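K.L.:
Next come the chains, spelled out residue by residue.
There are 4 protein chains.
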Amino acid sequence: MKRKDLLSKPVQQIELQPSMSVNELIKQFESSGSFGAGRLATACDVFENMVRDEKCTVLLALAGAMVPAGLRHIIADLIRTRLIDALVSTGANMVHDLIEATGGHHYKGHWVVDDYFLYKSHIYRIFDIFLPEEDFVKADKALIEMFDEIANANEKHLFSSSELMQLIGERLNDKKSIVRAAYEANVPIYLPAMRDSEFAYIHIVHSKRTKEKNAILVDAFKESSEMVALMERSQRLGMVVIGGGVPRNSVQHAALMADKGLDYAVILTTDRPESGGLSGSTPEETVSWGKLKRKAGKVMVIGDAMISFPIMAAAVLERLGKDFERKGNP
Amino acid sequence: MKRKDLLSKPVQQIELQPSMSVNELIKQFESSGSFGAGRLATACDVFENMVRDEKCTVLLALAGAMVPAGLRHIIADLIRTRLIDALVSTGANMVHDLIEATGGHHYKGHWVVDDYFLYKSHIYRIFDIFLPEEDFVKADKALIEMFDEIANANEKHLFSSSELMQLIGERLNDKKSIVRAAYEANVPIYLPAMRDSEFAYIHIVHSKRTKEKNAILVDAFKESSEMVALMERSQRLGMVVIGGGVPRNSVQHAALMADKGLDYAVILTTDRPESGGLSGSTPEETVSWGKLKRKAGKVMVIGDAMISFPIMAAAVLERLGKDFERKGNP
Amino acid sequence: MKRKDLLSKPVQQIELQPSMSVNELIKQFESSGSFGAGRLATACDVFENMVRDEKCTVLLALAGAMVPAGLRHIIADLIRTRLIDALVSTGANMVHDLIEATGGHHYKGHWVVDDYFLYKSHIYRIFDIFLPEEDFVKADKALIEMFDEIANANEKHLFSSSELMQLIGERLNDKKSIVRAAYEANVPIYLPAMRDSEFAYIHIVHSKRTKEKNAILVDAFKESSEMVALMERSQRLGMVVIGGGVPRNSVQHAALMADKGLDYAVILTTDRPESGGLSGSTPEETVSWGKLKRKAGKVMVIGDAMISFPIMAAAVLERLGKDFERKGNP
Amino acid sequence: MKRKDLLSKPVQQIELQPSMSVNELIKQFESSGSFGAGRLATACDVFENMVRDEKCTVLLALAGAMVPAGLRHIIADLIRTRLIDALVSTGANMVHDLIEATGGHHYKGHWVVDDYFLYKSHIYRIFDIFLPEEDFVKADKALIEMFDEIANANEKHLFSSSELMQLIGERLNDKKSIVRAAYEANVPIYLPAMRDSEFAYIHIVHSKRTKEKNAILVDAFKESSEMVALMERSQRLGMVVIGGGVPRNSVQHAALMADKGLDYAVILTTDRPESGGLSGSTPEETVSWGKLKRKAGKVMVIGDAMISFPIMAAAVLERLGKDFERKGNP
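Chains as they are written, first to last, in our numbering: chain D, 406 to 735; chain F, 406 to 735; chain E, 406 to 735; chain Y, 406 to 735.
Since the list gives no way to pick one copy over another, a pair counts as held whenever it fits inside one copy or between any two copies.
Subject to a maximum C-alpha distance of 35 Å in a straight line, what follows is the list of computed DSBU-like cross-link-like pairs (lysine-lysine): (1) Lys580 <-> Lys543; (2) Lys700 <-> Lys460; (3) Lys546 <-> Lys561; (4) Lys732 <-> Lys700; (5) Lys700 <-> Lys665; (6) Lys525 <-> Lys409; (7) Lys414 <-> Lys546; (8) Lys580 <-> Lys513; (9) Lys727 <-> Lys460; (10) Lys407 <-> Lys513; (11) Lys414 <-> Lys581; (12) Lys581 <-> Lys561; (13) Lys727 <-> Lys513; (14) Lys613 <-> Lys700; (15) Lys525 <-> Lys513; (16) Lys613 <-> Lys580; (17) Lys543 <-> Lys432; (18) Lys407 <-> Lys700; (19) Lys513 <-> Lys581; (20) Lys727 <-> Lys581.
Hints are computed from structural coordinates only; laboratory data are not their basis. Note that the structure is a prediction, hence the values are computed from the model and not measured.
Make a model of the complete structure from these sequences and hints.
P.N.:
The structure is reproduced here in C-alpha cells:
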C-alpha cells in the first residue's frame with residue numbers, strides 16, 4: 406500500500422442534468438463513490454454483472470413487507486425475464502401476492518392513527534398501509550379451496566414449499582402475480598418459513614375440512630435439499646437480499662451445504678452489524694464462513710429497500726437495454 | 406385531556422448510589438421515565454407483571470445470535486424456573502446451544518479482522534465471536550447420531566419441530582443447556598424455521614445414511630397447530646421478544662389464530678418501524694391486527710438485547726426475590 | 406374518520422419503464438406511497454412547492470460530510486439559481502468547499518483500512534473518503550492570508566459568521582464553490598458553530614501573526630439576529646435539512662424567535678426520534694414548539710442524504726423545467 | 406496472527422445472581438465480551454482508567470436532550486467530585502439545567518400525542534418529555550437579568566462562552582445545578598455553539614434593553630483557544646462522548662490543534678459510521694486524523710446514552726469505592 410495509490414481517484418462532485426435518467430444519476434453516484442451513494446452505485450454494478458453472467462444462477466432473498474408496499478410487479482417482471490432464477494421469500498410476501506391475485510388490495514394509510522379504531526374496523530395496518538380483513542378472508546377462502554383441490558388431484562401429499570407454490574401458481578389467472586410468473590417461468594419459490602404466515606391458518610382449516618389423512622403436508626427439510634441441488638447444478642451463484650432474516654440465511658446456508666461460495670452478493674437492508682444478527686452481518690463476515698467468495702462482487706447498502714431496490718432495478722434495466730435476453734439458470 | 410394532567414409528573418433526575426443493585430438503577434430510570442431509560446423501566450414492569458400473573462403463559466421469541474453471545478444460561482434458568490413457559494426460536498440459537506452441549510465453545514474475537522484468513526483457518530465469525538469449524542463438526546456428528554437413534558427408536562417418523570427438540574433434549578447431559586432445561590421443565594421449543602439452520606445439513610446427512618424411508622421428517626405445519634392449541638389452553642398470554650423475525654411473527658400469528666390477543670408484550674429490538682418490516686413494527690401496529698390487546702402492558706425497547714435483556718431479567722429476579730416460585734402455564 | 410375513507414386509495418404497484426427519468430421513478434414511488442418510497446416522493450412534492458412559492462424563503466440546513474462526499478456542485482447550483490435563499494451549515498462543510506476552492510481534493514478511499522498507516526501517511530479519513538494533509542494545509546494558508554487581508558482592509562473587526570463568509574467568497578475564483586456562489590447570488594451563509602471547525606485554527610494563527618488587537622473576531626450572537634431579521638422580512642419560510650444538529654436547530658429556533666412557524670419542511674436524516682435528540686425529532690414534535698406550522702407541508706425521510714438529496718433535487722429540477730426562474734427571497 | 410491465539414478466550418455465558426449490583430452485571434458482560442454487552446463493559450474499563458489516571462484531564466462532550474431526560478444530577482456530581490474536568494456541551498443542555506435551577510420542571514409525557522394540542526396549550530415536547538412554556542419564560546427572565554447584571558458589573562464585555570457560564574454559575578443557588586457545580590469546582594463549561602440555543606433569545610432581549618454598546622458579547626473563537634490551552638497544560642486527555650455533534654468534534658479538534666492525541670475515548674451514541682458524519686465515526690477513523698492515539702483505550706457503544714451512561718457511571722463509582730478522591734486536572 407503506497408500513499409499515492411491511496412490518493413489516486415478524486416471524489417468527483419455530483420452534477421445534475423435536466424431530466425436525467427435513473428442510470429445517469431447512478432453514474433454520478435459512481436463518480437462520487439462516497440457513503441450510501443457509492444455503495445448504491447456498486448450495487449448496480451454487481452447486479453448488472455450477475456445478470457450478464459450467463460452461467461450465474463440469481464437468487465432473490467425477499468423479506469419485509471415489500472409486496473404490499475409496491476415491489477410486486479417489479480419482482481414478477483424480473484422473474485418472467487429470468488433476471489431472477491429463484492425466489493427465496495418469507496411466507497407473508499407470497500400471501501400478499503396471493504391477496505392481490507385473488508382480488509384484494511392494499512391501501513395507502515398512515516402510521517399516526519388510532520390502531521384500536523382500525524382493529525374495530527377490521528383493518529390491519531402494515532406501517533402506513535391498510536389492509537381490509539375481508540380481502541384477507543377472500544384470499545384464505547380461495548387458497549383453502551386450492552389446498553383441497555391439490556389434495557384431491559394428487560396421489561402424493563407430502564410436498565416441499567416450492568412444489569406447493571408451483572401447484573398454486575398453476576391455479577392463478579393474474580398475469581401480474583409473482584407466484585403465477587414463477588410458475589410460468591419455471592422459477593422455484595422457496596419458503597423456508599412457510600408455516601410462519603397465513604399458510605398456517607389455511608393449512609389448519611384445510612386439514613379440518615379434509616379427512617385428516619388426506620390433508621396436504623409440507624416436509625420442512627425437502628426444500629433445503631432442493632436448494633442445495635439447484636446450487637450444485639449451478640456454475641456460479643448470485644444473491645440479491647432485500648431485508649435479511651430467514652431468506653438471506655437460507656440462501657447463504659444452502660451455498661455452504663452445496664460447498665460453493667456465492668460469486669455475487671447485493672444486500673439491501675436497514676439492519677446493522679454491531680448487534681451481531683445475521684440480517685445485519687457484513688459481506689466480509691459471510692466470507693469467513695465460506696458462504697461468499699473472497700473475490701465475489703459484494704456490497705451492502707444500508708437503507709430502505711423500497712427506495713434502493715427499484716432504483717437498482719431501473720438502472721440495470723437501462724444498462725441492459727430493451728433487447729437484452731437472459732436464458733436463465735441453472 | 407387537560408393541560409394540568411399533561412404536567413402532573415415531573416421527570417425526576419437520576420441519582421446514583423454507591424453499589425446500587427440493578428433494580429435500584431432501574432427504579433431510577435423509572436423516576437426519569439424518559440427516552441430509552443423510561444422504556445427499559447417499563448419493560449421490567451411488564452415482564453414482572455407477566456410472570457407474577459399465575460394464569461399467564463409466557464412465551465420467549467428468540468432471534469439474533471444471542472446464545473453464542475452469552476444469554477444461554479439466563480434463558481436455561483428462566484425455563485427451569487418456569488418464568489418462561491414456551492420458547493420460540495430461530496434454529497440457529499438452538500444449534501449453538503447444542504454446540505456448547507456437545508463440548509464446543511464460542512470465542513471472543515473481533516470485528517476488525519481479515520475474514521479470508523479466518524476462512525482459511527476454519528474459523529467462522531459472528532460479529533465479534535469466533536467459532537472453530539471443528540466444534541460445529543462435532544455437534545453435527547452428535548446430532549446426526551441422535552437423529553439416527555431417534556429414527557430407530559420411534560415408530561413415528563413425522564415430527565413437529567417441538568417434538569424433535571424434546572427428543573433431543575432427552576438425550577443431552579448438559580445441565581446448562583437450554584434444550585435440556587426445556588426437556589426437564591416440560592417447556593416446548595418451537596422452531597418455525599428449523600430447516601433454516603444447521604439442522605438442514607444434519608437432516609441431509611442423516612437421510613443419506615438412513616434408508617431414506619426410515620429418515621426423520623419434520624411436518625412444517627404441525628407445530629403451528631401445537632402453538633395455537635397451547636394458546637387456546639392459556640388464560641392469558643405474554644410475549645417477550647429478543648430481536649424479531651420469524652419467532653416474533655409466529656407468536657403473534659398463533660395468538661391471532663387462537664383468537665386471543667396477547668395480554669403482555671415486551672419487545673427488545675434494534676429494528677425500527679419506518680421501513681415497514683414486522684420486526685420493527687410497534688406494539689400499537691400489532692393492536693390493529695388483534696394480535697395484541699389494546700389494554701395490554703406493552704413496550705418496545707430499541708437497542709441491543711445483549712444489554713437490555715440481562716438487565717431486565719436481573720431487575721425482575723431481584724423484585725421477585727429468592728423464594729418466588731412459579732408453577733408454569735398453561 | 407369513516408372506514409371507507411381509510412380504504413380509498415389503493416397502493417399502486419411500482420412499474421419500471423425503460424430508461425425512465427428520475428422524476429418518472431419518483432412518480433411511481435408516489436403511486437406506491439409506502440414506507441421510504443412514499444416519504445421520498447412526498448419530500449419531492451414539498452420541495453417543489455417550496456421553490457414554486459414566490460414568497461417563500463428557502464433555507465438549507467447542512468450537516469454531515471456532504472461537501473467532501475459530492476454535494477458541492479449541486480448546492481452551489483441551487484444557490485446560484487436561488488432555489489436556496491440561505492445556507493445554514495456546519496463550519497466543516499464550508500472548510501471542505503474552501504479546500505477544493507484552493508486547489509485541494511478529496512479522494513475515494515475505503516472504510517476497511519489501517520488507520521494508523523493513514524495517520525503516518527498524513528491522510529485523514531472521512532468514512533470512505535481520504536484527504537491528504539497537504540491539501541488541508543494549503544487551504545489553511547490561503548485562508549489565514551485572507552483573514553489577514555480582511556483585517557487590514559476593514560475598519561471593523563467584529564463580524565458575524567455570515568459577514569465573514571461573504572468577505573471570503575469575494576476573494577475566491579472558483580466558480581464551482583458554494584462560498585463563491587453564495588457571494589455572487591447574495592445568499593447568506595450562516596455558521597452557528599463556525600468556531601467548531603478548521604476556522605478555529607485559522608483564527609488562532611491569524612491572531613498570533615496579526616497584532617492581537619488587529620485580529621478579526623466573530624461575534625457569536627450577531628448572526629442569530631441576522632437570521633431572525635431575515636425571517637421577519639420573509640412572508641413564508643421553507644427548510645430543507647440534510648443531517649440535523651446545529652444547522653437544523655438554528656433554523657427552527659430562529660423561526661421561533663421571529664415568531665413565525667415554518668411553512669414547509671423536508672428533513673433528510675439517518676437519525677431517529679426515540680432517543681430524544683433534536684436531529685431525529687419528527688416534524689410533529691416541531692409543531693408543538695410552534696417552530697413548524699400545523700398545516701405545513703412536512704416530511705422526514707430516514708436514510709442517507711447522499712442518496713435522497715440528489716434524487717430529490719433531480720426530480721424537482723425535472724419538474725420545474727429548463728425555463729424556470731426564481732427571483733429569490735426575501 | 407496464529408489460529409490458536411484467535412481461539413484463546415471462550416465467551417463465558419452470563420450468569421445472573423440475586424440482587425446483583427450494576428458492576429457485578431457489567432463484570433458478567435465482560436465475561437461474555439460480545440456485541441453491545443462487550444462494548445459497554447469495555448466502556449466501563451476505559452472510563453475507570455481515565456479517572457484513575459491522575460494526570461488525565463477528563464472532558465465530557467454532551468449532546469442530546471440528556472439534562473431534561475434525567476442526567477442532570479449525575480453530571481453535576483461527576484463535576485463536583487472532579488471525575489469530569491471540563492464540560493463541552495450544546496447550549497440547550499445548559500439552558501435546561503438553568504430552567505430547573507430557576508424553578509422550572511420537565512414533565513413525563515408521551516410521544517403519541519396531538520402536537521397541535523400541545524402547541525395551543527403552550528407545552529413544548531422533547532420526544533416523551535413535556536415542558537411548559539412558562540418555565541422557559543421564567544428562565545429567560547432570570548437569565549436576561551443576569552446578563553444585564555453581568556454587563557453592569559464588568560468593565561469587559563467580550564467574553565468567551567466559558568467565562569460567561571462561570572459568571573452565571575456564580576449567580577445560582579441550586580446545589581444540584583450543573584452550571585453551579587462547575588462554578589464551585591472550577592470546571593470550565595465550553596459551549597461551542599452557545600448561540601444555537603435559548604441564549605440567543607436571551608442575548609437579543611438583553612441587547613435591546615441595554616444600551617447596545619453596553620451589551621454582553623461572546624467572542625466565538627476565544628473558547629477554542631482556551632480549550633487548546635487547557636489541553637496543552639494537560640499531560641493526558643480523556644474524552645467521554647454522549648451523543649456527538651459539535652461537542653464531540655470540538656474536543657477532538659482541540660486535541661489536534663494542541664498537537665496531542667486523546668489517550669482515552671468512550672463514545673456513547675445512536676449514530677452509525679456508514680453515512681459519513683462525524684457523530685457516527687469510529688474511534689479508528691479518529692486515529693487517522695491524529696485526534697486519538699493509536700494505543701488509546703477506546704470504544705464506541707451504539708445505543709441510547711440514557712441507558713448506557715448511568716450504567717457506566719454506576720459501575721465505575723462502585724469500582725472506585727466511597728473513599729476515592731480525585732484532585733482534578735490539569
